[in-house]
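J.: Start from chain Z and add chain V according to the hints.
Heads up: the sequence lines are chains Z and V, in that order. Those letters in the first sequence? Residues 33 to 453, per the working numbering, in order. Those letters in the second sequence? Residues 33 to 453, per the working numbering, in order.
These are computed hints drawn from the structure, not numbers from a lab. On a predicted model such as this, the values are computed, not experimentally measured, just so you know. Cβ coordinates follow ideal geometry from the N, Cα and C atoms, glycine included. Hints are all accurate, no fakes.
One-sided and incomplete, this derived list gives chain Z residues near chain V with beta-carbon spacing under 10 Å:
no., residue
1, Glu155
2, Ala182
3, Ser186
4, Ala195
5, Pro208
6, Lys213
7, Ala249
8, Tyr274
9, Gly278
10, Gln281
11, Ser282
Computed from the model, here is a short list of chain V residues facing chain Z with C-beta under 7 Å:
no., residue
12, Tyr191
13, Arg194
14, Trp272
15, Ala284
16, Ser365
2 protein chains.
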Amino acid sequence: MGLERSWVESANAPGADFPLNNLPLGAFAAGGGAHCGVAIGDSILDVTRLEADGRIEIAPGAGAILGEGDWTAFIARGPGTWARLRAALTEMLAEGSEDADILAAYLVAQADVAMAMPVRVSEFTDFYAGRHHATNVGTMFRGPENALPANWLSIPIGYNGRASSVVVSGTDVTRPRGQVKDADADLPRFAPSARFDFELELGAIVGQPSDGMVSVAEADEMIFGYVLLNDWSARDIQAWEYQPLGPFQSKATATSIGPWIVPKAALEPFRVATPERARALLAYLHEPGPMLYDIALEVALAPAGGRETVIARTNYREMYYSSAQQLAHHTTSGCPMRVGDLIGSGTISGPEPDARGSLLELSWGGASPVTLEAGETRRFLEDGDTLILRGAAEGDGYRIGFGSCTGTVRPARELPDWAKD
Amino acid sequence: MGLERSWVESANAPGADFPLNNLPLGAFAAGGGAHCGVAIGDSILDVTRLEADGRIEIAPGAGAILGEGDWTAFIARGPGTWARLRAALTEMLAEGSEDADILAAYLVAQADVAMAMPVRVSEFTDFYAGRHHATNVGTMFRGPENALPANWLSIPIGYNGRASSVVVSGTDVTRPRGQVKDADADLPRFAPSARFDFELELGAIVGQPSDGMVSVAEADEMIFGYVLLNDWSARDIQAWEYQPLGPFQSKATATSIGPWIVPKAALEPFRVATPERARALLAYLHEPGPMLYDIALEVALAPAGGRETVIARTNYREMYYSSAQQLAHHTTSGCPMRVGDLIGSGTISGPEPDARGSLLELSWGGASPVTLEAGETRRFLEDGDTLILRGAAEGDGYRIGFGSCTGTVRPARELPDWAKD
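Isolated chain Z (complex conformation) (with noise of 0.2 Å):
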């Protein structure tokens, strides 16, 4: 299967992240509130619009639901439903279709438009699946010999993180304060981080509920689809306050997720298989098929007023644990999932130095800097730097893009009076 044809041209371009393969869903400012919108070359389709003007029939006899602005109700109505709309939009888009006349007057120029929160995110649970990202973390605060957990091969490691903090691409990013413990010093100080970071991950949209276990197969399914994930990470108020029940205040300042939930059934022809198990998983975690996905991804961080840099470059393939597989885990010990649950892929580093998912194993742990194009150096982040993710799967003469993931870091707000010391 190669490129879809689209009457919108510029899905056709060559490189385009949006060909009529991909109908990635995302949300969009729209008269003082947001519209649902399907990106399509570098226009959006306006969905809510075409759902109020009865142009399509998104949920047939249940009126319209896209009217609160996000897809959360559309996700909610099950696989049945996505796969209608996905094959009404593809034919309604597809180059020769009647409709074309009718449909361009929805077409809004992304370059016009603030993007909005795709979904209403339940709640946010973050793993730490990555074999390259949990073996360099290690190294740096174990060794080498210690630097994988002894659990880490037998169970996907999460924690649940901050649902509130969740914010779309775009959104600024405020510096966090926080205790933290010099090496020298006996007593914390509340400070701003110092060691503010980036982590590179691939998000997994709940899109079905669940009451009591499931299996892996059945995780897949209820996954709708992905988004690009920034979990931004205070790494030296990690340090002070991991132990011993993992981060908190470290985690919580952001986590900002790309604008376009690319559904699953875009990715399919990019299934790829999980590594080769280190130690056999426990039968719950048995994959009956390939679960992760070839997905290029980079990182490019750009200084205030200046050019971005490239600073890393990975791919999905290189998890070890699959989004079905930790959703799968999740449900275990009987926790309910619900419709707009996120689950973070954990940190996605590859194998080689450039490849790494966070300045923390880039600078490795500071003490090399990353050079950037006009010289400067990066051993964390600055305020006035914009990190930009990014991602594609690439198929024969067409594109899955995800678009881009962006957030600037503004300084520490001022500290209060009753805070200072």
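T.: Structure of chain V alone, referenced to chain Z:
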């Protein structure tokens, strides 16, 4: 201030949990959905129906706000609305009220209805802020010299829990399965938890949102009220999974909350200070006044078909950090807090051996089983066991009760074929 008398006679009885001084908020099953109610004596005043019938206007100009069957929309309106409803209900239910005859028709017997979730929990954060509990657990795991982690006296240690697993008192709890690793084994097994436990806590209900860092005084104002909370915990699953990112599936089976949210307003006479600081706190954690409450708590355990035994008695004033301090700390990173966020205090253990708020502590890791009245013993919870938490602040001639928070342990579900190793 002594007992405020009500025309609902049972509210004036000595030892009643719900005198006119209390007026806690709950929700109860009614007509296929749920209604909002306020406990008074052994009855519930159906406030949803009062509002629907136009007998009370809770949010002037906003129409009916209790139609959704829980108190979330009410709580979101803030302290002015909280105070106005409390004043109106106090007047309506007071001895001598002219409305008594009419209002009597809006009373429902507590014994006749099932309780429902009083609020939609946005996110659940659980703390580890009881010094006796942290010392007990630390002593068992690391010895008495290293009992408290280095950060413990500086940070209210917390982690994000799972809101989807929060259930109301009376909901059965199914014993979880999970990865457990026996001490003499190299590899984990997938098995029902054999060390399933409770944790006695109090939960604070966040009633106002925040954007950016708040002081302890502001945090206290954001809290609407408190509930009993049982954070069910699978100790064997926890022991294997919790390094390095904290508890995950071991805490995700269920967290039970009591049916009644006791408003902060009812607890004002019972404020007490946190204990003397063993190490000075950073300024942002300084308390402007007493932020704990003198609330006597007890835990009872009833085996299937058997009588209950009280296995622990303690008091909320044993906490080292208050909920207001925890909430202030929660916002340091800029983490937005939302209406309906639930903040677990952490396990409330006192200094005495019979004042410990978990079986892990009461049985000292299983080494010293707890003996029940009928002679049975418990290291951890058995199938069929019902756990009952109770709490009350004792005033001069009246008490502010929390009712009870109960849950019965059901056997693990049958293992699906695909999960058999």
